[in-house]
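Engineer: Spelled out, the chains give:
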Amino acid sequence: MTVVLPGDIVPLPSSSSSSIKLGPGLLPSQPDPSAASSSSSSHTLTSIRPGALGQLVDGNRSKGKRKDDSDSQGGPSSSRPSSQAWWVETNTKRYIPSPGDSVIGQITNRGAESYTVSLFSAHQTTLPALSFEGATKRHKPNLKIGQLVYARVVSADRFTEPELTCVDPVTGKSEGFGELKVEERNGKQGFAMVWKISIGLARSLLRPNHKLLPTLANHFPFEAAIGANGQVWIRASEPRQVITVGKVLEEADSLYYPEQDSNVFRSGMEVEEEEQEQEGGLGELAEKVVLDRGMIGEKRIKALVANFA
Amino acid sequence: MAPGQLPEPSLTEVEFLNQSLSRGLRLDGRGFYKCRDIKVRFGDELGCVNVWIGSTRVSTSVRATLVPPRADRPYEGFLQITTDISPMAGSEYDMGGGASSSARAREVLFDRLVEKAVRRTEAVDREALCVVAGEQVWNIHLTVHLLADTGAALDAAVLSSMISLRHFRRPDYTIENGNEVRLYSVEERVPVPLAIHHTPLCVTFSLFNLDRPSKPLSGSGQEQEESSGLDYGNTVSLMDPSLTEEILADSKLVLVLNSQKEICVLDKAGGAPLDAEVLLETLRAGLARVKELSELVDEHLRKDASVRVVEVR
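Keeping their order, the protein sequence lines are chains A and B.
For reference, each letter of the first sequence is one residue, going 1 to 309 in the UniProt record's numbering.
For reference, each letter of the second sequence is one residue, going 1 to 313 in the UniProt record's numbering.
Simulated from the structure, these hints should not be mistaken for lab results.
Please note that a few of the clues may not be correct.
Here are the computed distance ranges between Cβ atoms for each label pair [what the hints assert, rightly or not]: (1) B:309 <-> A:297: 55 to 63 Å; (2) A:291 <-> B:299: 35 to 43 Å; (3) A:93 <-> B:37: 41 to 49 Å; (4) B:33 <-> A:144: 33 to 41 Å; (5) A:251 <-> B:260: 36 to 44 Å; (6) B:108 <-> A:188: 43 to 51 Å; (7) A:237 <-> B:31: 43 to 51 Å; (8) B:43 <-> A:135: 37 to 45 Å; (9) A:96 <-> B:37: 56 to 64 Å; (10) A:144 <-> B:271: 18 to 26 Å.
No residue lacks a Cβ here, since even glycine has one placed at the ideal position from N, Cα and C.
Can you make the complete structure from the sequences, with help from the hints?
Structural biologist: Put into structure tokens, the structure is as follows:
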């Protein structure tokens with residue numbers, strides 16, 4: 001994985017047939033009139049925030065394979081028009097809505113046609129009252145101000161309010177989205193709480209192979225809804241267990257955050273300054289940070305569970 | 001929700017907080033009087049201090065300038081405090097809501113309480129800041145930046161301010177030809193610490209009246225004790241509250257105490273009524289906490305003094 005800083009130019013492979021999807025943190029480079037003749041300025045991206053550069057080719061996850069980008073020409077994907085995605089992986093505390101994200105929002109206002117939902121970020125969003133499973137003009141869900149919903153971002157364009165939905169447009173089913181409520185399970189009242197974590201950890205937890213929550217689930221059963229906006233809703237049968245999950249999440253967030261690792265980072269920077277193995281030093285560290293985010297060892301989880309549950 | 005307005009905590013949070021408090025649990029599993037870890041770090045400059053209480057982070061710095069004193073107080077220097085809450089501290093501090101936004105109100109309250117705790121307690125001997133009576137005095141400028149607020153921001157701010165003021169050293173000077181002030185640079189003469197009368201430190205409590213009928217406690221109805229008839233039923237006070245606890249508390253109590261067991265500030269701005277016994281109990285807990293904090297301050301300053309070179313060569 002390459003580490004980029006704001007203003008860094010990311011060169012793209014020159015296969016012009018491929019369509020490029022831009023994730024967060026990258027913009028197409030502004031054509032520079034002075035340098036336009038020397039380099040193909042249409043094929044570069046500029047990073048607008050610091051972080052690790054990620055890339056996906058043809059839907060295959062090839063994170064950190066930026067060095068091997070020659071395989072987009074010679075590899076098996078060369079026969080069909082390949083598409084690729086680029087983004088800058090970084091950990092932040094504020095959420096910026098982007099389409100397709102699953103988020104946890106709080107109802108802050110209700111109108112006749114829609115709800116206003118806060119995503120705990122700069123924007124408020126709309127959730128149409130008909131965007132629920134089985135909702136009709138006559139039969140709409142009745143949500144109160146202050147309730148939490150699990151929803152998907154439909155659109156997040158510039159200058160307009162982002163829109164949410166709680167229903168899958170294809171199947172018409174809720175698919176797990178909707179109001180986050182504490183229902184009785186097996187005749188027992190559950191307890192629920194929402195914990196705040198960093199955006200990076202939330203994204204990591206959403207990776208299907210992330211082991212943190214499954215490992216924790218070995219100790220006691222709980223339900224979780226992870227919002228990409230850094231909110232995690234937890235439901236368990238005992239308040240202690242809910243708090244335990246909160247403690248584990250807090251610990252997971254502090255692994256590479258705030259600055260206990262600044263020495264490691266500094267040594268990584270020195271490697272970069274010496275211009276030897278830039279990829280190997282800082283890049284490897286960045287990859288480790290991204291992949292290991294929130295990975296607490298089983299023993300530590302056990303200790304945390306023993307402390308509270 | 002307009003920018004600068006804190007969204008009210010969700011119903012889920014309100015309910016869970018009440019449920020867990022009535023079971024004697026705090027949201028982060030701490031005991032009621034248990035505090036988060038404190039980390040203190042000194043910067044390169046004298047008086048530049050970073051303090052973390054949990055993830056709450058405050059940075060303070062001090063500088064000194066020579067200014068003419070006020071005409072009616074020719075023997076007194078100034079202690080000027082500037083507080084700054086950047087939007088980085090949390091989305092609830094995002095600006096844009098105008099003067100009436102809750103962000104602005106929080107900032108003003110924060111500013112006032114820091115002022116009350118540090119300046120109005122006369123922690124710094126202002127007469128000792130006089131250089132030439134009626135002509136030149138020291139103006140000590142303390143800047144407080146709240147960088148991250150996860151609760152008990154005031155505790156961190158006052159702690160950091162006091163460490164800063166005790167850590168800071170102003171340049172030494174001599175007076176030549178009657179009233180000409182000659183300042184010495186750090187290389188020429190060892191700078192002089194400020195004269196500090198005492199070290200007031202702040203302890204914030206969040207108080208919850210658990211049996212209040214207005215707050216429904218669903219799911220734990222059988223565990224509620226019968227209200228004793230008084231308005232303030234079963235009061236629980238939490239030391240070093242987290243942000244959620246701070247916001248949801250029925251009332252907030254800010255104590256500024258010093259290690260000489262003096263109450264410098266007792267601030268309870270609104271909120272639910274408070275039983276005298278609860279107040280005494282929190283005071284006792286606060287005094288114990290301030291004693292710990294004072295030792296922590298002393299230890300950190302001692303540790304820093306042992307590694308920092310301020311002597312001339």
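Engineer: None of the hints should be skipped; say for each whether it holds.
Structural biologist: For each hint, the structure was consulted:
Our hint of 55 to 63 Å for residue 309 of chain B and residue 297 of chain A is violated, since their Cβ atoms are close to 41 Å apart. A C-beta distance of roughly 39 Å is found between residue 291 of chain A and residue 299 of chain B, which places it inside the suggested range of 35 to 43 Å. The hinted range of 41 to 49 Å is not satisfied by residue 93 of chain A and residue 37 of chain B, whose Cβ atoms lie roughly 20 Å apart. For the pair residue 33 of chain B and residue 144 of chain A, the beta carbons lie near 35 Å from each other, so the given range of 33 to 41 Å is met.
For the hinted restraint 36 to 44 Å between residue 251 of chain A and residue 260 of chain B, the CB-CB distance of approximately 38 Å keeps it satisfied. Our hint of 43 to 51 Å for residue 108 of chain B and residue 188 of chain A holds, since their Cβ atoms are close to 46 Å apart. A C-beta distance of roughly 23 Å is found between residue 237 of chain A and residue 31 of chain B, which places it outside the suggested range of 43 to 51 Å. Between residue 43 of chain B and residue 135 of chain A the CB atoms are about 57 Å apart, so this pair departs from the stated range of 37 to 45 Å.
Between residue 96 of chain A and residue 37 of chain B the beta carbon distance is about 31 Å. The supplied range of 56 to 64 Å is therefore violated. A hinted range of 18 to 26 Å holds for the C-beta pair residue 144 of chain A and residue 271 of chain B, which are about 25 Å apart.
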